[in-house]
Structures are given as structure tokens and as C-alpha cells.
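Undergrad: Starting from the known structure of chain S, fit chain W onto it as the hints suggest.
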Amino acid sequence: MREESLTAVAEAIRAGKLSPVEAVGLCLERVRKWDGRIRAFVTLDEEGALHSARVLEAEAAAGHWRGPLHGVPLGFKDLCHLQGLSTSCGTSIPGYFTSAQECTAARRLLEGGAVSLGKLNMTELALGAFGDNAHHGDADNPWRAGHAPGGSSSGSGAGVAAGFFAGAVGSDTGGSIRLPAACCGVVGLKPTYGRVSRAGAMVLSWSMDHLGPLAWTARDVALMLQVMAGGDAADATASRRAVPDYLATIDGGIKGVRVGLPENYFFQGVADEMTAGVRRAARQLEDLGAHVGEIRLPDPQHMTDVAMLIARAESSTLHARLLREQPEALQPTVRARLELGMGIPAYDYLQALRLRAKLTRAFMRDVFEEVDVLLTPVIPEPAPAWASLKGATVDEFNARSARFSRLTRPFNGYGIPALSVPCGFTATGLPLAFQAVGRPFDEGLLLRLGHAYQEAAGWHLRRPRL
Amino acid sequence: MSERAQAQAERAGMLGVIERLAGELALAEEPARFIAALESEEEVPSDA
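Keeping their order, the protein sequence lines are chains S and W.
Using this note's numbering, the first residue of the first sequence is number 1, and each one after it goes up by one.
Using this note's numbering, the first residue of the second sequence is number 1, and each one after it goes up by one.
Simulated from the structure, these hints should not be mistaken for laboratory data.
For every residue, glycine included, the Cβ atom is placed at its ideal position computed from N, Cα and C.
A portion of the hints provided could be inaccurate.
If you want the ones that stay clear, here's a sample from chain S, every Cβ over 12 Å from chain W, calculated [unchecked claim]:
hint: 1; residue: A15
hint: 2; residue: G16
hint: 3; residue: G67
hint: 4; residue: S99
hint: 5; residue: D245
hint: 6; residue: Q268
hint: 7; residue: D287
hint: 8; residue: G293
hint: 9; residue: E294
hint: 10; residue: R321
hint: 11; residue: E325
hint: 12; residue: L389
hint: 13; residue: G391
hint: 14; residue: G413
hint: 15; residue: G429
hint: 16; residue: R439
Covered stretches of chain S, going by a simulated chain W footprint (3 or more residues, C-beta under 8 Å) [claimed, not checked]:
hint: 17; segment: 149–162
hint: 18; segment: 187–195
hint: 19; segment: 306–316
hint: 20; segment: 340–347
One chain only, chain S, in its complex shape (with noise of 0.2 Å):
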């Protein structure tokens, strides 16, 4: 089970090879011998997901298949309602989110016939980029001990790559479905602003916000996005665009595909191993018929600077409450970054929701006439070691934090979709990884891109030692 990806499981479920209860077994096993280290839940629901499988078992027998993940165990970040679980978002209050209807994309995965394995250790309200959790533990990097495993969805990230089960969903307002799937060596996307609903989940910031899927690779994560997204009746932002069928397209190769490497900000300020390791994978992407070439972009650092404040300011707004009632039941990083988005008058938000519209417009002209799909690194350094980040002060910690997400940040601003994919290890054994960035509505082509580079690179048929 630990070996064997998303699609496998399915398929092995489906060919009778694997029944449902054999497959939860073997992920709580894991769950049981290793959570203690990797503290990737929050709430594992065991009596649950094995009655579920029980049922979904029975079904099988039957010849009743629910749908494309019979049977197959996943994870949902602790934003994610789900009927009969508490969701702290991260917090010390255990019912801190509550909604009169489950999480639209997580009732999709179940109905397509997935077991949940429970809810997922999170970065404190999603706010932060390395999983840090004073309430409920920092979890914990699966390639190598004592390091971040990134966030805020780090539970996903981590226990995809921990094996604690098939796949995951995450949130991501700043980057926080990348980054630990960067710093664990899954694959993570942030699809197109509106592709997937968000209806049933936490929100941090409603302008920003994009719920996705982790898991082992573009296969896994074409397979959960099929299944989740779509235009959804609860949630006025999602799009009710037809999706199309991601995974009839993911075999057709990239041949002819524009790439473009920035010439510009994406490079900037990134340890060298990971600069190598990007640019390693752009060559075997030419290697396989992609024309690769160098672009320069319309500032990234303006949309940045514009998505930070609106986040800052929505999120604040959002949560005001519990800042104004219960402060102290705040990590004090997280206090820090809501009292900084309770100053921000409505003159310069209103500004900076005027200037993500023109700045996104003059992006997709610039860049998209010139590539079909961008490549960047996803994080600026390999996992940190937690040694390093836990004594620093409030405001180092989240300006590192900042720069830690610099390089995500800007496609929740323009809203177009961004897969994060694993392309090595440095000398000491932690995740590279990097960035494919399309058009809107584009999934399809970095799913494909994704997939060709990790059926040639092999990457993802790596797993750690715990």
C-alpha cells in the first residue's frame, strides 16, 4: 500500500486484488507505528473509515462500484467540514468551524466511492507557510526528521508522503497546497480560481482561497480533480465551466509544448540545488519535445505585494472575532498577522481588488501569447529544519514565512492554476521541486506535463524511511 500510488490502489480495489478494509488496515496501520513522529491528524476517525470500508467492501461483492475511488483512503485538511468530525482549522477550539452543509469537494471524494481517514494537521487558521502547530503539534517532515514539512496543509502534504493514505485535500491562499507538496515530495495543485467549489470549507480569504488535491502523482491528482471539481450551486464562485476529462488527455506527451523559464523574480533569492533541480527538469521536459525557452514577466512582485494585502485584509475580517474575544488562544504568529490586516483601510483594499483585475488581464497577455506553461521553483530553499525557525522572534518568523511563499503567492493572485511537482533531492535528502503554471482552466495540460516528466524522471517511485 505504501509503495503503490492513488491510481493502484483504485485499480487494485476495482481488479479485486485489494479489498477496501485491507486497504484502510494498512493505512492505519502506518497511521498507528508512525503518527506519533509525523502528527498528520488532527481527528483520525478509525471506527469510521473501517465501517465505511466495510460497506464499500459489501457493494464490491455486490458488483455496486460508487464511482473511480471505490474503497481508496484519503485525508482532508482540518478547514474541510465533514458530518460528525469537529474542524478546528488548526486552532485550540475544536468546533471553531461549523457549516449547514459538509465541504463540497470532500462529499464529491466520498461519493465517488473514497474512505475518509479523518482530519488533517494544519497551519494555525491556514496561516503559514511551514506547518507549524502549537495546539495540536508541528507536524513533522517524512523525508527527513525534525524538519517542516511545509503549510499550511501540512498534514496533507506529510501523510501522503508518510503513506498514512492515497491522497489528500488541501487549501491554498498563498501557497499552502504546494509548499508541502514541495517539502515532501508529492505532487499539489491550486486549480483555476473557481474550478473547484470551497463551499463547506473554512474561509481564510475569500478572494484567494482554492481547495486541491495532493498526492503521489499527476495521475492521482488528474483522478481527484476529476472527481471534485465543477460549478456547484453552494458556492457562487465556482465556475460552471464543463470539466473536461483530464485523464483521457494525460497519456498524449508534450510534444510542441511552449515553456518558458523565467528570466525574472522566480530565480531570484533560490538555494542552488533547487535552481539546478529546475532547471535539470526543464532539459528532460525539452528532452521529451517541449520547445523550452526564457521569458520575462510583468513583475510578479506587484501581484505579491497586491494578493498579500487582500489576503490580509479578508482574513482579518474574517476571524475578527476570535482575535477580539480570544487572543490569547492565538499563536502568537498568527495574532501578529491578523493585527497587521485589522489596520488596512477599505481605500487600499478596494485598490488592491481594482489591481488584481488589470494586473491578471496584462500577465495572461504577456506571457501566454509567448508560452504555454510556465516553470518556476515552488519554494526558495529545500525544507527548513524546524531547529532553524523556532527561535526566532514573531516578526522573523513570518516575514521567513513570506519569503518562503514568494514564489506561490502571485498565482492565487492571478488565479490560474499551478501544479507543483517533485524533481530530486538535495545532497541531504530533501524534496526539490517545481512549479508548472498555466492558462485558466488549463489543468489538463500540467496535469500532462506533470505526468510525462514523472514517467520519465521516476521520481515519485521514491519513498522515505521513516
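TA: Just chain W, lined up with the frame of chain S:
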């Protein structure tokens, strides 16, 4: 610098950037044009 002063400085920096960039905005610009751009409902305007 105290943490409060640091936060105030950071906020002032953010607001300064927005103020500078907003000087180039066309009168017709509005937040809804972001979604229009993603959904390709809008031609690229000449106001950039």
C-alpha cells in the same frame, strides 16, 4: 524596533505599494473584471 512598530512599518509598506500602483488604474477598472479575465469574457483592454 518593537513588534508593534514592526507591524506598523510592514502595513505602511504594503499600503505604499498599493498607492503607487493604483495611480495607473483606469477609471473603468473594477474587481469583477478579474473573473471576466479568467473566464475569457473580456477582450484585453488598452488601458495597461
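Undergrad: Confirm or reject each hint.
TA: To see whether the hints hold, each was checked on the structure:
no., hint, verdict
1, A15, "40 Å, holds"
2, G16, "43 Å, holds"
3, G67, "28 Å, holds"
4, S99, "24 Å, holds"
5, D245, "20 Å, holds"
6, Q268, "18 Å, holds"
7, D287, "33 Å, holds"
8, G293, "22 Å, holds"
9, E294, "22 Å, holds"
10, R321, "20 Å, holds"
11, E325, "20 Å, holds"
12, L389, "17 Å, holds"
13, G391, "16 Å, holds"
14, G413, "9 Å, violated"
15, G429, "35 Å, holds"
16, R439, "9 Å, violated"
17, 149–162, "violated (count 0)"
18, 187–195, "holds (count 3)"
19, 306–316, "holds (count 4)"
20, 340–347, "holds (count 4)"
In summary, the structure is inconsistent with hints 14, 16 and 17 from the numbered list given earlier, while agreeing with the others.
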